[in-house]
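Visitor: Please build the complex by placing chain D on the supplied structure of chain R, with the hints as guidance.
Chains as they are written, first to last, in our numbering: chain R, 33 to 166; chain D, 33 to 166.
In case anyone wonders, no lab produced these hints; they're calculated from the structure.
All values derive from a computational prediction rather than experimental measurement.
A portion of the hints provided could be inaccurate.
A pair holds if it fits inside one copy or across any two, identical chains being indistinguishable in the list.
[Claimed, not checked] DMTMM-like cross-link-like pairs, simulated, lysine to aspartate or glutamate; straight-line CA separation at most 25 Å: (1) Lys103 - Glu138; (2) Lys146 - Asp67; (3) Lys127 - Asp155; (4) Lys125 - Asp56; (5) Lys127 - Asp46; (6) Lys36 - Glu64; (7) Lys127 - Glu102.
Number of protein chains: 2
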Amino acid sequence: MIGKLNHVAIVAPDLAAATALYRDTLGAAVSEPVDLPEHGVTTVFVELPNTKIELLHPLGEGGPIAKFLEKNPAGGIHHVCYETDDIKAAAEKLKADGMRVLGDGEPKIGAHGKPVLFLHPKDFVGTLVELEQV
Amino acid sequence: MIGKLNHVAIVAPDLAAATALYRDTLGAAVSEPVDLPEHGVTTVFVELPNTKIELLHPLGEGGPIAKFLEKNPAGGIHHVCYETDDIKAAAEKLKADGMRVLGDGEPKIGAHGKPVLFLHPKDFVGTLVELEQV
Chain R
33 MIGKLNHVAI
43 VAPDLAAATA
53 LYRDTLGAAV
63 SEPVDLPEHG
73 VTTVFVELPN
83 TKIELLHPLG
93 EGGPIAKFLE
103 KNPAGGIHHV
113 CYETDDIKAA
123 AEKLKADGMR
133 VLGDGEPKIG
143 AHGKPVLFLH
153 PKDFVGTLVE
163 LEQV
Chain D
33 MIGKLNHVAI
43 VAPDLAAATA
53 LYRDTLGAAV
63 SEPVDLPEHG
73 VTTVFVELPN
83 TKIELLHPLG
93 EGGPIAKFLE
103 KNPAGGIHHV
113 CYETDDIKAA
123 AEKLKADGMR
133 VLGDGEPKIG
143 AHGKPVLFLH
153 PKDFVGTLVE
163 LEQV
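Bound-form chain R, shown alone (with noise of 0.2 Å):
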């Protein structure tokens, strides 16, 4: 069902500074931020040679991760995304191992303009997962 892992998702209370760190730093590659109102957030992109790390901060009021930042004003890992290729047969796979699908348990067009599925962490070893249709 899962293939690649598609990025590691890090909240982070400034932006900026993170975007600083992972380019001056670790001497990464960094994209520009950009805005996502639909989703109330602010993304940059850090472009490793296998994957991606995507620095997150919210946008506007509220919304998770302004919640998520609440509880950990440092920043933290938020999600794990991980790539497959029919996310309808995936939700079912899911849901039929009992695996809860977060919201109305289907699909959704996600951040990046793809399918996308949010499964609940505590069926998944504390750690919320993203599952997005390439």
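Guide: Chain D alone, transformed into the frame defined by chain R:
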């Protein structure tokens, strides 16, 4: 300085259950468990096409992984590991930039027989970062 994401480490309260979850529900290739008594962990690798997930469980009494499970009984993401080609140069650059290398500041031989160092989560967006020389 950093290259590929070598692995994401996830601490599992029940290693057999986490292995079965990744193998049977997520359909990924998983290794046999390997005990690393000198590091106080048992590990299982989930082999993805572009990187690895390292499932960790405490081996023996005490140690940092057991403490992590006390704080996070459901488990969770413990660290990310980035590859580097010169760990001594990386350590010098990081310290010159004011970053805290855990322990005595010098690279050590890690769980997989290669030189590693760990960076303080407070300096890295709330994320425990391992660098491994490959």
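Visitor: Going through the earlier hints one by one, which of them does the structure break, listed in rising order?
Guide: Per hint list: 1 and 7 violated.
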